[in-house]
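Chain by chain, the residues run as shown.
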Amino acid sequence: MHSEAAIREPLILGHKTYGDITNDIVAPIENKAPTGWYVLMGIASIIAAYGTGCILYLISKGIGVWGLNKTVDWAWDITNFVWWVGIGHAGTLISAVLLLFRQKWRMAINRSAEAMTIFAVIMAATFPGIHMGRIWMSYWVLPLPNQFGSLWVNFNSPLLWDVFAISTYFSVSLVFWYIGLIPDFATIRDKVAKPGMKKVYGILSFGWTGNAKAWTRFEEVSLVLAGIATPLVFSVHSVVSFDFATSIVPGWHTTIFPPYFVSGAVFSGFAMVQTLLLVMRKVMHLENYITVKHVEYMNIVIIVTGSIVGVAYITELFVSWYSGVEYESYAFINRATGPYWWAYWSMMTCNVISPQLFWFKKLRTHLGFTFFMSIIVNIGMWFERFVIIVTSLHRDYLPSAWNMFHPTWVDVGVFIGTIGIFFTLYLLFARYFPVLALNEVKSILKVSGESYKRDAANHHHH
Amino acid sequence: MSSTKRYWKDLGELHQDTEALKGREHEFPQEMAIDQVLGDQSFAGASTGRRDFLKFLGFSLGAATLAACETPVVKSIPYVNKPEDITPGVANWYASTFYDGQDFASVLVKTREGRPIHIKGNPRFGINRNPALDKGSINARINSSVLSLYDNERLKGFMMKSGEGMVSAPEGEVDEAVAKGLAAAAGAGKRIVVLTNTVISPSIKAAVAELKAKYATVEHVQYDAISYSGLTNANAKSFGARVMPSYDLTKADVIVSMDADFLSNWGSSTEHTWQYASRRNPDGSMNRHFQFESRMSLSGANADERTAIKPSELATAVISLHDQIAKRTGGAAVGGGSDMDEATKRAADALLGARGKSVVLCGSNDEGTQVLVNSINSMLGNYGSTIDLANHTFFKQGDDAAVAQLVKDMNAGSIGALLIAGVNPMYSLPNAEEFKAGLAKVALSVSFSAYADETASLCSYICPDNHYLESWNDFMPKVGEYALAQPAIRPLFKTRQWGESLLRWSGNDSTWHAYVKGTWQRELAARGGMSAAFEDTWNMAVHNGVYSAAATAAAAPAFSGDVNAAAATARKAAQAGEWEVVLYTTEAIGDGQHANNPWLQEMPDPVTKVTWDNYVCMSPADMLTILKSDDFRDLYIGEASPAKLVKVTVGGVELELPAVPSPGQKSGTLAIALGYGRGANGERVGRAACVTDHNGEWKPVGRNAYPLTAMNGGTMSYSAAASVAFTGATYPLAITQTHLTHMDRHSVVKETSVGVYKAGDKEAYNPSHLLAVHEDVNGDGAIDARDKKPVREFDLWEEHPVEGVGHRWGLSIDLNSCIGCGACVTACNSENNISVVGKDEVRRSREMHWLRVDRYFSSDTKWAEGRAEGRSKIELYRKMEVPSNSPSMVFMPVMCQHCNHAPCETVCPVAATTHSNEGLNQMTYNRCIGTRYCANNCPYKVRRFNWFNYTTEKFGEVNPAWDDLGRMVLNPDVTVRARGVIEKCSMCVQSIQAGKLEAKKAGRPVKDGDIETACSAACGTGAIVFGDLNDKTSKVRGLATSDRSYHMLEEIGVQPNVNYLVKVRNTEEEATA
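Here the protein sequences come in this chain order: A and B. 1 is the number of the first residue of the first sequence in this note's numbering; add one for each residue after it. 10001 is the number of the first residue of the second sequence in this note's numbering; add one for each residue after it.
Isolated chain A, as found in the complex:
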């Protein structure tokens, strides 16, 4: 066992034994859920039910129940899609990229971040589906053999690339997540007393025995999957950005989009992880595992990605001026000073200016402020997509077609509804799944546990 520099802050607080970790993580599954869980679940499921109703209404009546028009043919639908896909980035980044970089602090947060990813991608995938005029024909986007002769999908279309990118990302994330869950399910199986639960977790754990061979393979598979997942972190949002970048709409047709979108995605993903974890550590009493240090690390990622996004915004403005293209130039001046100036400046404030406050250590280690900022960043990132999509479309080439977009209650209902569905799924996860990768956390207990570090320091001292 290698030892860790004393100067590094411990990642597990208090004096914990292996048994304590198991007990702490399995407790919410074994025992009755805290009241807070029921309250949250109640709220989330009501919103989810309303959102589902809105979606069914949309499908039964037609896309016209949204506020779209002949000029703005995408608005909240694709804004929400990109927003959710972006949120879905953090999980894989934390588990795969940070795994490759041997960042131990990821262990406390990767499980729930991955769960968030899965659910966010499900929410994201809803939108391309329901935004179709004829959702019942949505399977036509798959390159399936058919009876229409040589009729095939259009491989030139970025929307088709989206289909491939999202489905690949979803599959790999799901497998990665589940593989990680197997030893933890086995621990729960061994811990719980109720025969029914034992049976269920027995099936979920795929007969994990926990012998050395199994652990070796587990490590290998994790590494391989991390290797596969890492490029996906970058590819998914790059491909999503191609929807815009390959088009000819001024404000969309921008080569900077892939890195800009990826960093924006990580930015919003970490913000959402913060939102979720700050609540969960309180409700599920995980303060010792998800520490202020974790929160601080994530805030640092937020400053970095937020700054990249800020640079991207400014680069866009520069290029629109430097290119000398009148439509391009107008598109950006219109963003900042046109009828949607408030969306642009909301985006700028939330995404570029406010994260800079995290340069102050006091603020980035303040949990309440971090929670507030995580919401601000998520609002800002929603506006970013809204600005890109709506303010580019609403005034493009022909002034005769210039128009405004006004959302309807169904636009709002579907969006809020997906947040409800997302939280419902996440709360179910928090209740029935191990919210921390407990076996992984155990692996760093002796190295990064507070009491052990203290002991080691004392021992060294003597």
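The set of hints was computed from the structure by calculation and includes no laboratory data. Misleading hints may appear alongside valid ones.
[Said to hold, decoys possible] Just so you have them, the derived chain B footprint on chain A, three or more residues with Cβ under 8 Å:
no. : segment
1   : 69-82
2   : 123-133
3   : 148-160
4   : 270-279
5   : 328-336
6   : 399-406
[As the list claims (entries may be wrong)] Derived pair list, reagent style BS3-like, types lysine-lysine, alpha-carbon separation capped at 30 Å:
no. : chain 1 : residue 1 : chain 2 : residue 2
7   : B       : Lys10572  : B       : Lys10237
8   : A       : Lys61     : B       : Lys10237
9   : A       : Lys61     : B       : Lys11032
10  : B       : Lys10212  : B       : Lys10161
11  : B       : Lys10441  : B       : Lys10156
12  : B       : Lys10699  : B       : Lys10110
[Said to hold, decoys possible] Facing chain B, a subset of chain A residues (Cβ under 8 Å, in silico):
no. : residue
13  : Ser60
14  : Gly62
15  : Trp140
16  : Val141
17  : Asp396
All values reported here derive from a predicted model rather than from experimental measurement. All C-beta atoms, glycine included, are put in the ideal place defined by N, C-alpha and C.
Could you slot chain B onto chain A? The hints should help.
For chain B alone, coordinates are given in the frame of chain A:
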């Protein structure tokens, strides 16, 4: 086993099993009992138990119930004996004539399987024919008229008054009662008045005469809802003939229009449009057009020089013009011109430079003003050249004074019977209440209206007239010009042509067809010179829709009017005020007869782009002053920005309407369209005249402004002093183009002046778009910013093999000939089954039109000048959004540009939109899944999405495709699109296909002109030309390769198959430059 090769049927035969082979000699088993065949011995002894019985019963009941569920029954009845002329799938075209008192046109009616489905101008005959292009000029009202045939709210039979309402009545009973009533009236010595719009039908005139022969007290009063009494009375005073002359604008080098919207509704506009456009070609000799008017009319929008005046200033402007010309031609001046002398001087100079080749038109209904205009034209020697009184028209014979007298007489009780045809005085008279009171005193009142409209619902009987497509009729639009209407379908309902009704009551049992034919035989014989036998002449006339007798030589009659008296009455009639209101008619709705036509209601007004409402046009500057604002954006009207309601008061009559900022409107004036607000008292005046509004109330579209008209000096006046006040309330308006200017985007709209154009340097007025490249293009040995290549040489994609391979269909659109009338829009609606979506959806910018006419106002702020002055981009962009107070305008029809490098095609994930090998961008509706990515990526924004299922009841009030009768107007060659798919202009691919098949049958290649799209066929001015760009001799190829040709947004490299021709204005300032 035998050594020879054997074949066997089964193992029994192979093994020669005797048991199995028994009976093989018989082909069919002979002795087998049925029980053995069934092979079940227990069958005979089977018994059905109670439980089994119940099971069977249950099953049978269930099966029967299921079977009884309704399955759709599709009735399709084939022809038993195929009619000679009707081949399913092949359209028949019949020549006919449209006339409704305001518009006249010789038309062709397209019928499919016996149903009229489309109207276009007659390309070979008629006064509205453009002989240079072989096209019949029509307007939106005329080609939309086919839809009103299928209006379910037309009366289905005769009606009679019963208590407060109307009940249906048998034809015979009504005839008997009316005949009795007429006899009683004549017997009592009371007058029997036939009140009609202007009748130009010789047969109707004969029928009225026949009625008069039977009942001595019959008289005929003609009433035009939009009166021209001032003009016709002036002609009576000036030349002794109370007529509307024929104008020939093809001969006019200079046109000065004093508030006459001759390109829209004034006079014989179906003639004026093509005549005017034929002189707008900058390669020929362009006419010069001056317009003096208060509101921005279609004519004003096309004018080379437009001067905004108040209506009360019109008389002085005419006097000014008159005196300047009088001074220089030696005529008598009347004195007292206006402060617009500069503008009138320029007009006078131009007129004097084109004596005998100019025309002054005047839209005023004031007799004195018109006498002065006659004097001007006379001094200029225009009579006998551009104005023809010898071959005058028979239009606009209505007499305001006679109508006013009639209303008085009705109230006095001296009218015994009133027969009303083609007019709706209860709606269009300002003194409708007086008319109503008088009508109650008339013992017998009969309406021939097709609807129980405002007037008809008050009459004692309604004998509904046929729709014109169900009718025989004849017309004499001008001296020596005859036209025929023939039915294209049998009457759908129990209606009768009103002429035939007159015959019945006169005791003549002839059918209307026979009667018309008889009238013609007499007419033609009387005229003499009929060479062929009458039958042949008649058949030819029916076939052509037109018969032209030898024209009388044009003459220049002496002007005998009193200009001083005229000037005095003109000045007296002018009602000056702080605010003055002008009442006008729109291109779509006209005088209000067709307010029930949803195609017309949804057709955007050419200038304001408002649909489904009338409104008050105001000067934007005035609105800002009243609203105490200096931000033009405060006047924005859009989906979530409703218009502000204003209350307009004219002589005690109040009207509350939304205000629309209208650049070019004279400050201090208000303009309100007539023709709206039909059926205000709940009368059923037709399908779309009343719709459910944003509050869920079923209300008329717009408000009736006729009560604001008034008699002034013996004629009806359409302008008056008024007051206006903002009420503080708002009202949603449905506008299809909410932005007003083109933001100086020169690759969208290119325009120049005739001087620059004639100088011949293409780069000066139509510069090609060049991009800098990193190679030495100009060969100066250095690679720098001067090395540029035309944008078409840059290609990301492989070239589509369209150039020189087979056909490549294309359109060429001349911004100079396009007057913005919108006839192409409704023609496209009719040809392509375009859904009408109603006001609320249009308000949300979801109109489905495949073809729109963009209109742009000029702005006082110019990009290049502003930048040169060092002003900031942000400021310039904002200011360029603001139109000029005296703007010039441009109309630009935009449909799918059928790009050869179409951005929509690459982004569709399912390849639902693809390129044809004939250059068309095709849309496969049943492959579309509705991602709308194509619509986003279309730089021209021409793609339309089916947001809802438009054939459902939700759109039933407006969409003809909803009810069984309305559906009959659908073109069977074009799919009705389902919910959730994108649609767009197909360049009428069904017509292309039909044209190709025709050529194939004839064994020849497709000739230029064989195929027309609906829009190009409807465009009487020839602004839209369709053809094969690969045909080196085609007209469209010639235009597309001409110096004026450009592609919209050329620099983005989408390579459209639609090209535009630069607009060339005949403006003085630059013409000399």
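Each hint, compared with the structure:
no. : hint                    : verdict
1   : 69-82                   : holds (count 5)
2   : 123-133                 : holds (count 4)
3   : 148-160                 : holds (count 9)
4   : 270-279                 : violated (count 0)
5   : 328-336                 : holds (count 4)
6   : 399-406                 : holds (count 7)
7   : B:Lys10572 x B:Lys10237 : holds (18 Å)
8   : A:Lys61 x B:Lys10237    : violated (65 Å)
9   : A:Lys61 x B:Lys11032    : violated (50 Å)
10  : B:Lys10212 x B:Lys10161 : holds (25 Å)
11  : B:Lys10441 x B:Lys10156 : holds (28 Å)
12  : B:Lys10699 x B:Lys10110 : violated (34 Å)
13  : Ser60                   : violated (11 Å)
14  : Gly62                   : holds (4 Å)
15  : Trp140                  : holds (5 Å)
16  : Val141                  : holds (5 Å)
17  : Asp396                  : holds (7 Å)
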